[in-house]
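From first to last, the protein sequence lines stand for chains A and B.
full-length UniProt numbering applies: residue 1 is where the first sequence begins, and numbers increase by one.
full-length UniProt numbering applies: residue 1 is where the second sequence begins, and numbers increase by one.
Be aware that one or more of the hints could be misleading.
In this list, chains with the same sequence are indistinguishable; a pair is considered to hold if it fits within one copy or across any two.
Think about it this way: if two alpha-carbon atoms lie no more than 30 Å apart in a straight line, the pair counts; the simulated BS3-like pairs of lysine-lysine are [what the hints assert, rightly or not]: (1) K257 <-> K188; (2) K102 <-> K133; (3) K125 <-> K102; (4) K27 <-> K133; (5) K102 <-> K200; (6) K125 <-> K200; (7) K76 <-> K130; (8) K125 <-> K259; (9) K128 <-> K102; (10) K102 <-> K130.
For the record, the hints were derived by calculation from the structure and aren't laboratory data.
Protein chains: 2
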Amino acid sequence: MRFARIATPTGLRFAVIDGEEGDEKAKIINGHPFAEPDYTGEEFALDEVRLLAPVLPSKIVAIGRNYADHVAEVFKKSADQLPPTLFIKPPTAVVGPGAAIKIPEFAHDVEFEGELAMIVGTPCKNVKRKDWKSVIRGFTIVNDVSSRALQFADGQWARAKGIDTFCPLGPWMETDIDAFDFSDLPIKAHLTHEGVTETKQDSNSNQMIMSPGEIIEFITASFTLLPGDVICTGSPAGTAPMVPGDEIEIDIPGIGKLKNPVARA
Amino acid sequence: MRFARIATPTGLRFAVIDGEEGDEKAKIINGHPFAEPDYTGEEFALDEVRLLAPVLPSKIVAIGRNYADHVAEVFKKSADQLPPTLFIKPPTAVVGPGAAIKIPEFAHDVEFEGELAMIVGTPCKNVKRKDWKSVIRGFTIVNDVSSRALQFADGQWARAKGIDTFCPLGPWMETDIDAFDFSDLPIKAHLTHEGVTETKQDSNSNQMIMSPGEIIEFITASFTLLPGDVICTGSPAGTAPMVPGDEIEIDIPGIGKLKNPVARA
Numbered sequence: 001m002r003f004a005r006i007a008t009p010t011g012l013r014f015a016v017i018d019g020e021e022g023d024e025k026a027k028i029i030n031g032h033p034f035a036e037p038d039y040t041g042e043e044f045a046l047d048e049v050r051l052l053a054p055v056l057p058s059k060i061v062a063i064g065r066n067y068a069d070h071v072a073e074v075f076k077k078s079a080d081q082l083p084p085t086l087f088i089k090p091p092t093a094v095v096g097p098g099a100a101i102k103i104p105e106f107a108h109d110v111e112f113e114g115e116l117a118m119i120v121g122t123p124c125k126n127v128k129r130k131d132w133k134s135v136i137r138g139f140t141i142v143n144d145v146s147s148r149a150l151q152f153a154d155g156q157w158a159r160a161k162g163i164d165t166f167c168p169l170g171p172w173m174e175t176d177i178d179a180f181d182f183s184d185l186p187i188k189a190h191l192t193h194e195g196v197t198e199t200k201q202d203s204n205s206n207q208m209i210m211s212p213g214e215i216i217e218f219i220t221a222s223f224t225l226l227p228g229d230v231i232c233t234g235s236p237a238g239t240a241p242m243v244p245g246d247e248i249e250i251d252i253p254g255i256g257k258l259k260n261p262v263a264r265a
Numbered sequence: 001m002r003f004a005r006i007a008t009p010t011g012l013r014f015a016v017i018d019g020e021e022g023d024e025k026a027k028i029i030n031g032h033p034f035a036e037p038d039y040t041g042e043e044f045a046l047d048e049v050r051l052l053a054p055v056l057p058s059k060i061v062a063i064g065r066n067y068a069d070h071v072a073e074v075f076k077k078s079a080d081q082l083p084p085t086l087f088i089k090p091p092t093a094v095v096g097p098g099a100a101i102k103i104p105e106f107a108h109d110v111e112f113e114g115e116l117a118m119i120v121g122t123p124c125k126n127v128k129r130k131d132w133k134s135v136i137r138g139f140t141i142v143n144d145v146s147s148r149a150l151q152f153a154d155g156q157w158a159r160a161k162g163i164d165t166f167c168p169l170g171p172w173m174e175t176d177i178d179a180f181d182f183s184d185l186p187i188k189a190h191l192t193h194e195g196v197t198e199t200k201q202d203s204n205s206n207q208m209i210m211s212p213g214e215i216i217e218f219i220t221a222s223f224t225l226l227p228g229d230v231i232c233t234g235s236p237a238g239t240a241p242m243v244p245g246d247e248i249e250i251d252i253p254g255i256g257k258l259k260n261p262v263a264r265a
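Whole structure, please, built from the sequences with the hints as guidance.
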C-alpha cells in the first residue's frame, strides 16, 4: 500500500495512492499512515493534488560508504579501507517530490545520490538484524544531495548534506514490504541537463555492503528510532554534478520515482 | 528569566524558576517558554520536582573544534590546520539534569565536553552575525558526550556523539541574554571519580574561535533553524574520560550547573 502526504484544495492530508500508473487516485484517510487506513471517502485524482514528503522525520540517519563502487569513485579508496559509516541529515533539509533543490552560491560540486530509504514504524532500540522488518513501516526514495566541496572541506558531512532542500524524499511510502526482494532491487538516477536525459546511476541493492537488517541492528545499538524516522541506505556509484536548470529523477522500480528540479538558492 | 521543563506530581509542565540559590521555586506557566510567562499560580519547591531538558529540540547543531586548546588535545593539530566544523546530534540523545549518561559496552574512551548552548527562539535563515540575539531565546548548558574511539573509527562523529543519553541538556533556559557578556563567560567541568572531585575544564568563552554571532551566521547560511533547536558552541580543553560510577558537573556561573551520573547502558 502506498501512503502519501498531500496538499489538497482543503489542506494537508494523508492519503492512500491507488490505481494504475498514470491514473492514480489519492484516497484521503483520517489520522496517520502508521495504522490501517481509515478512509474518509474523499478522493482526488493524483494530478489535482501536490505530493509532499511522505513523513516529517524527527531524525534522518544515513549510512555512508555502503556501496564499494561509490566509495571508489568519491574517496578513491576501497571499502575495506573506508567501511560504512553513519551520519545525520537535519529534518529541515527535507523537501517533497517536484520541489526545487536550491543550491547556495557557496556550495560547490553539488551531486545527487539516489538511495532506497526505510521509514521507521515503531519506537525501537537494540533490534536484531533478523527482526528488522518488524520495526519498518515502509520504504521510500531519498536523494542524498551532497556538496562534494563542503564535504571534503568540512571533514564532517552534516553541512554538505544538510543544506535546506538537500533531502528530497518521496514520492510516497510503500508498505508492502514483503512484496519486494531488498537484496535485488534496481536503483537508477536519470539526470536531465540542457534537455538531454542520461541514466547516471544504474545499480542494484545487491551491491550494498550492509543489508537493511544489518543497518537497523547497527543504528539501533546506539540510537532509539521513532515512528517516521528515515534511514538512508547509501548510494551506489554514478553520482554526478547537478547545476541549476537540471532535473534529477531517482527511480526504484516498484517503489516509485522521485523527480526534482535544480535551482539557485 | 529561567524557564524549565519539569516533572511534577500532576504531569510535565513548563515553569519559571525563581528565588535564591538553594531556595528556588518552580512557578508553573501555561503554554510554552517562547513567550512572556502566563503564570497559573501553581508553585513547587525545586526539590519537589524533577528538572527535564528545558526543550525538546527538532535538531541539535554543534560546532566542533571551536577552541584551539581542545583541537590540540584531541586532534594533535592546530586550529589553523583544523578549523571549526559543523555536526549534528540526534534529539534522541537528549537527557535532562540528573539523568544517567549510559555508556554501551562497544563505546570506548567516553569523555565529557562542557559547552555553552544557545536555544533558538524563532524560525530563521540567513541571519547576519550582528543580529544573532534577535533569533536566540536563551542559553543553557550541554555536555557533548563523545566516545573518542568511535569518533576516530567512524570518521563521521554522529554515532560517537549521538548515542542515547549522550546529550545532557539543562538545567534550564536562561533568557536574560543581555545580562551576560558572552565574550567572557567562564566554563568549568568538575569530574567526581571514586569520591574525589577534580576540576577538569576551567576555561572561558573568550577562547572561542567562532563567536555566537559568527556561529549563527555560519549555520543559518545553510540550515533553517526552528524554535527550540539547540546550538552547541564547542568545548574548551580539559575533556577527560568518564566511567560508570563517575559524576560530571558542567558549571557556567550565572547560567547554571548541569550534573549527570555515569552508568553502564
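Within, between, both or neither: K27, K133 at alpha-carbon 30 Å: within (26 Å within a copy, 46 Å between copies)
Homomeric proximity label, K128 with K102: Cα distance no greater than 30 Å: So K128 and K102 pass the 30 Å test across copies only (20 Å; inside, 38 Å).
Up to 30 Å CA-CA - K259 versus K125, copy category: Only across copies: K125 and K259 sit 26 Å apart there, 33 Å inside one copy, limit 30 Å.
Intra- versus inter-copy proximity for K200 and K125 (alpha-carbon distance at most 30 Å): For K125 and K200, the Cα distance exceeds 30 Å both inside one copy (36 Å) and across copies (33 Å).
Up to 30 Å CA-CA - K133 versus K102, copy category: For K102 and K133, only the inter-copy Cα distance (27 Å) is at most 30 Å; the intra-copy one is 34 Å.
Identical-chain pair category, K125 with K102, by Cα at 30 Å: Between. Shortest inter-copy distance 14 Å satisfies the 30 Å Cα cut-off; intra-copy 35 Å does not.
Same-copy or cross-copy closeness of K102 to K130 [CA-CA at most 30 Å]: between (39 Å within a copy, 26 Å between copies)
Same-copy or cross-copy closeness of K102 to K200 [CA-CA at most 30 Å]: within (21 Å within a copy, 44 Å between copies)
Copy assignment of K76 with K130, given that the CA separation must stay at most 30 Å: neither (33 Å within a copy, 42 Å between copies)
Intra- versus inter-subunit Cα pairing at 30 Å for K257 with K188: within (9 Å within a copy, 52 Å between copies)
Going down the numbered hints, you'll see the structure goes against 6, 7, while the others check out.
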